[in-house]
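Protein chains in written order, with the numbering used here: chain A, 1 to 330; chain B, 1 to 330.
Since the hints were made in silico from the structure, they are not lab data. Possibly wrong hints are sitting among the right ones.
Claimed, not checked - Incomplete in silico selection of chain B near chain A, CB under 8 angstroms: (1) Gln182; (2) Val192; (3) Ala223.
Unchecked claim - Pairwise CB distance ranges (calculated): (4) B:Glu179 with A:Arg177: 48 to 56 angstroms; (5) B:Ala191 with A:Thr13: 50 to 58 angstroms; (6) B:Ala288 with A:Arg177: 19 to 27 angstroms; (7) B:Gly246 with A:Glu179: 17 to 25 angstroms; (8) B:Glu179 with A:Asp195: 33 to 41 angstroms; (9) B:Glu226 with A:Asp195: 27 to 35 angstroms; (10) A:Thr276 with B:Pro75: 56 to 64 angstroms; (11) B:Glu226 with A:Glu226: 43 to 51 angstroms; (12) A:Thr11 with B:Glu250: 48 to 56 angstroms; (13) B:Arg211 with A:Ser69: 51 to 59 angstroms; (14) B:Arg211 with A:Arg211: 43 to 51 angstroms; (15) A:Ser278 with B:Asp195: 35 to 43 angstroms; (16) A:Gly327 with B:Arg211: 40 to 48 angstroms; (17) B:Asp195 with A:Glu58: 32 to 40 angstroms.
What the hints assert, rightly or not - On the chain B side, residues computed to face chain A include the following (Cβ under 10 angstroms): (18) Thr11; (19) Glu14; (20) Ala70; (21) Leu137; (22) Ile198; (23) Ser238; (24) Leu261; (25) Lys326; (26) Ala328.
Where is the CB? At the ideal position from N, CA and C, for every residue including glycine.
2 protein chains.
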Amino acid sequence: MVCPLPDSPDTPTEPRLVGLDWGTTSLRGYLIAAGGRLLQQRHRPWGIRQLPPGGFDEAVRGIAGDWLSASPGLPMIASGMVGSRGGWKEAAYVECPAELSKLAAGLATVETPLGTLRIIPGLIGVGDGRGGRPPELLRGEETQAAGAVASDPSLGEDSLLVLPGTHSKWVAIREGRIEGFQTFMTGELFAVLRDHSILGDPARQMAGGPRDGAAAFDRGVAAVRESGPAGLSPRLFSARSLMLTGSLAEADTLEYLSGLLVGEEIRCAAAAAGGTASLPAIAIAGEAALCDRYLRACRACGISGVRLLGETAPAGLWMIAEAASKGAAA
Amino acid sequence: MVCPLPDSPDTPTEPRLVGLDWGTTSLRGYLIAAGGRLLQQRHRPWGIRQLPPGGFDEAVRGIAGDWLSASPGLPMIASGMVGSRGGWKEAAYVECPAELSKLAAGLATVETPLGTLRIIPGLIGVGDGRGGRPPELLRGEETQAAGAVASDPSLGEDSLLVLPGTHSKWVAIREGRIEGFQTFMTGELFAVLRDHSILGDPARQMAGGPRDGAAAFDRGVAAVRESGPAGLSPRLFSARSLMLTGSLAEADTLEYLSGLLVGEEIRCAAAAAGGTASLPAIAIAGEAALCDRYLRACRACGISGVRLLGETAPAGLWMIAEAASKGAAA
Numbered sequence: 001m002v003c004p005l006p007d008s009p010d011t012p013t014e015p016r017l018v019g020l021d022w023g024t025t026s027l028r029g030y031l032i033a034a035g036g037r038l039l040q041q042r043h044r045p046w047g048i049r050q051l052p053p054g055g056f057d058e059a060v061r062g063i064a065g066d067w068l069s070a071s072p073g074l075p076m077i078a079s080g081m082v083g084s085r086g087g088w089k090e091a092a093y094v095e096c097p098a099e100l101s102k103l104a105a106g107l108a109t110v111e112t113p114l115g116t117l118r119i120i121p122g123l124i125g126v127g128d129g130r131g132g133r134p135p136e137l138l139r140g141e142e143t144q145a146a147g148a149v150a151s152d153p154s155l156g157e158d159s160l161l162v163l164p165g166t167h168s169k170w171v172a173i174r175e176g177r178i179e180g181f182q183t184f185m186t187g188e189l190f191a192v193l194r195d196h197s198i199l200g201d202p203a204r205q206m207a208g209g210p211r212d213g214a215a216a217f218d219r220g221v222a223a224v225r226e227s228g229p230a231g232l233s234p235r236l237f238s239a240r241s242l243m244l245t246g247s248l249a250e251a252d253t254l255e256y257l258s259g260l261l262v263g264e265e266i267r268c269a270a271a272a273a274g275g276t277a278s279l280p281a282i283a284i285a286g287e288a289a290l291c292d293r294y295l296r297a298c299r300a301c302g303i304s305g306v307r308l309l310g311e312t313a314p315a316g317l318w319m320i321a322e323a324a325s326k327g328a329a330a
Numbered sequence: 001m002v003c004p005l006p007d008s009p010d011t012p013t014e015p016r017l018v019g020l021d022w023g024t025t026s027l028r029g030y031l032i033a034a035g036g037r038l039l040q041q042r043h044r045p046w047g048i049r050q051l052p053p054g055g056f057d058e059a060v061r062g063i064a065g066d067w068l069s070a071s072p073g074l075p076m077i078a079s080g081m082v083g084s085r086g087g088w089k090e091a092a093y094v095e096c097p098a099e100l101s102k103l104a105a106g107l108a109t110v111e112t113p114l115g116t117l118r119i120i121p122g123l124i125g126v127g128d129g130r131g132g133r134p135p136e137l138l139r140g141e142e143t144q145a146a147g148a149v150a151s152d153p154s155l156g157e158d159s160l161l162v163l164p165g166t167h168s169k170w171v172a173i174r175e176g177r178i179e180g181f182q183t184f185m186t187g188e189l190f191a192v193l194r195d196h197s198i199l200g201d202p203a204r205q206m207a208g209g210p211r212d213g214a215a216a217f218d219r220g221v222a223a224v225r226e227s228g229p230a231g232l233s234p235r236l237f238s239a240r241s242l243m244l245t246g247s248l249a250e251a252d253t254l255e256y257l258s259g260l261l262v263g264e265e266i267r268c269a270a271a272a273a274g275g276t277a278s279l280p281a282i283a284i285a286g287e288a289a290l291c292d293r294y295l296r297a298c299r300a301c302g303i304s305g306v307r308l309l310g311e312t313a314p315a316g317l318w319m320i321a322e323a324a325s326k327g328a329a330a
């Protein structure tokens with residue numbers, strides 16, 4: 001168990017690992033104690049496409065230099081797009097199904113002025129090659145998934161882990177392995193529709209936030225649910241038509257749109273599993289406000305018993321570093 | 001019947017009506033003979049949001065001035081966003097179900113230096129007010145629908161008329177009336193994903209067109225079909241993952257995306273009707289290349305006997321003008 005525990009004389013407080021969650025647009029740094037316990041965390045806007053002057057080396061120094069000065073020789077590990085072809089050093093995709101030892105065996109390493117940085121590989125689901133199941137790719141979410149199972153070992157048996165975001169991932173976990181996953185472009189769809197489509201028009205003209213955001217979000221989820229197997233497509237325009245006919249406040253159209261899109265993601269994931277009743281245990285991990293939104297939509301779609309895990313990346317970074325140490329010792 | 005017929009001594013050649021199809025970004029002008037026969041047509045980029053200097057008056061003069069000089073007093077009629085609140089003069093939405101006489105009774109009129117211009121109202125489907133069926137709005141497609149029934153009267157009994165475009169409309173026609181319709185934002189979704197999402201990235205970097213566009217389009221349609229009730233959402237990212245894993249050429253990703261989106265539109269329309277077997281007669285009207293794309297996707301989805309109608313707006317403008325004359329005479 002690596003859940004945050006109340007401090008006690010046994011609580012580990014000594015830094016043991018620097019973990020980096022390094023994506024396209026942001027860099028998160030974690031100072032981690034034994035068992036994956038989070039001691040400190042930081043956030044910088046230094047994604048791999050927007051590095052500071054001095055590049056990768058300078059980003060590591062900026063986010064973790066003082067931690068490494070205080071604890072020289074502290075091991076470092078990173079996950080995310082930093083290991084992609086356009087990142088610092090490529091860590092080749094590992095094929096699903098994959099367990100911790102397989103991820104640990106695929107680590108890439110890069111030398112930095114502050115020591116060796118290990119980079120966690122992404123995962124590939126190769127698909128069936130015929131179109132029945134497309135290939136799938138992820139980087140970073142493998143670490144969140146490892147942390148999720150560490151924080152709630154019962155998920156290791158048979159579960160679906162939901163990782164909401166720009167490209168949401170639904171990760172299937174069985175018998176301690178990541179079996180496969182599906183991608184939903186929900187966050188990106190919301191952003192392009194808000195910023196570039198007619199659905200964002202009224203919102204762009206509005207000052208201030210939503211008037212009754214939660215109700216509008218729920219209404220969007222309900223609209224997709226009531227659409228049945230036809231789902232989102234014939235309802236997308238209702239984000240405008242309800243506003244034009246006066247039954248949705250202009251200020252609430254984006255919350256309604258969010259409900260449509262999140263509702264569709266959940267509807268489709270349930271349909272792909274053969275229906276809501278066929279879903280295994282569901283857990284949601286990531287940023288709290290976004291997870292709450294997904295939890296709310298799951299309940300509205302009749303999915304109960306959903307667990308909220310919070311940020312699981314630090315625990316995952318620890319688990320994969322530990323698996324690598326064991327592999328090296330074996 | 002107002003289908004184009006081979007010229008004969010009885011073929012009408014005398015101009016009887018100037019018809020305008022006036023949207024947000026373009027203006028089409030038609031010189032029309034008796035029976036809706038098209039004599040001449042023109043296209044100008046003078047949508048209601050990009051009028052020429054001199055505004056609406058100048059646009060009418062530019063597109064139809066010589067026709068009216070040659071045939072003084074020729075009646076004029078327009079359809080589309082020109083009748084919206086942000087257009088020249090509002091022609092209030094008419095409620096579905098609606099027949100020709102109801103559209104004709106809702107005409108607005110505006111005086112121009114070249115004579116009176118009548119403006120055809122749009123249609124509103126009020127929905128059920130509870131979210132089971134959202135409100136729907138259209139402007140311009142009511143005229144295409146009237147023209148479609150004029151060109152193939154058998155469609156008047158019980159049919160679905162597909163009008164592909166930025167916002168595709170599926171118009172249900174029964175017993176000579178427009179019963180209702182559904183909106184699919186397929187064209188706009190394609191444009192925003194191409195121009196602003198990660199799915200357009202490779203295409204933006206490519207010179208030249210697709211390598212095997214038709215096959216890529218068909219593959220996209222098939223992917224949605226094979227996804228079953230889960231439909232598009234878990235497949236959208238495959239437009240990128242298939243490319244990244246080398247099984248889809250970068251140059252073909254946009255055609256594949258188009259197949260995904262058009263396929264989803266057809267899948268959803270069929271699902272909303274209770275399945276492919278429950279669909280009434282289907283006809284597609286509009287721009288030829290786009291209609292061909294929809295016909296191809298319909299066939300791939302197991303929908304046969306689909307009729308292609310071409311551009312039906314001129315015939316529709318004639319039919320509504322005729323209905324207005326009869327109403328005035330009655």
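Hint-by-hint comparison with the structure:
1. Gln182: At about 5 angstroms, which falls below the 8 angstroms cut-off, the nearest Cβ of chain A leaves the hint on glutamine 182 of chain B intact, so it holds.
2. Val192: holds (5 angstroms)
3. Ala223: holds (5 angstroms)
4. B:Glu179 with A:Arg177: 48 to 56 angstroms: holds (53 angstroms)
5. B:Ala191 with A:Thr13: 50 to 58 angstroms: Cβ of alanine 191 of chain B to Cβ of threonine 13 of chain A: about 55 angstroms, so the range 50 to 58 angstroms holds.
6. B:Ala288 with A:Arg177: 19 to 27 angstroms: violated (52 angstroms)
7. B:Gly246 with A:Glu179: 17 to 25 angstroms: This hint holds: roughly 23 angstroms between Cβ atoms.
8. B:Glu179 with A:Asp195: 33 to 41 angstroms: holds (36 angstroms)
9. B:Glu226 with A:Asp195: 27 to 35 angstroms: This hint holds: roughly 32 angstroms between Cβ atoms.
10. A:Thr276 with B:Pro75: 56 to 64 angstroms: holds (58 angstroms)
11. B:Glu226 with A:Glu226: 43 to 51 angstroms: violated (25 angstroms)
12. A:Thr11 with B:Glu250: 48 to 56 angstroms: Distance hint for threonine 11 of chain A, glutamate 250 of chain B holds at roughly 52 angstroms.
13. B:Arg211 with A:Ser69: 51 to 59 angstroms: Taking Cβ atoms as reference, arginine 211 of chain B and serine 69 of chain A lie about 54 angstroms apart, which means the hint holds.
14. B:Arg211 with A:Arg211: 43 to 51 angstroms: The hinted range 43 to 51 angstroms holds for arginine 211 of chain B and arginine 211 of chain A, with Cβ atoms some 50 angstroms apart.
15. A:Ser278 with B:Asp195: 35 to 43 angstroms: At 38 angstroms between Cβs, range holds.
16. A:Gly327 with B:Arg211: 40 to 48 angstroms: holds (44 angstroms)
17. B:Asp195 with A:Glu58: 32 to 40 angstroms: holds (34 angstroms)
18. Thr11: violated (41 angstroms)
19. Glu14: Nearest chain A Cβ about 41 angstroms off; hint violated.
20. Ala70: The hint is violated - alanine 70 of chain B has no Cβ within 10 angstroms of chain A, the shortest such distance being about 39 angstroms.
21. Leu137: Holds, because the Cβ-Cβ distance from leucine 137 of chain B to chain A comes to roughly 5 angstroms (cut-off 10 angstroms).
22. Ile198: It holds, given that the least Cβ distance between isoleucine 198 of chain B and chain A is near 7 angstroms, below 10 angstroms.
23. Ser238: Check passed: Cβ of serine 238 of chain B comes within 3 angstroms of chain A, closer than 10 angstroms.
24. Leu261: holds (9 angstroms)
25. Lys326: Since chain A brings no Cβ nearer than about 31 angstroms to lysine 326 of chain B, farther than 10 angstroms, the hint is violated.
26. Ala328: With Cβ-Cβ at 31 angstroms, over 10 angstroms, it is violated.
Hints 6, 11, 18, 19, 20, 25 and 26, counting from the list given before, are not met by this structure.
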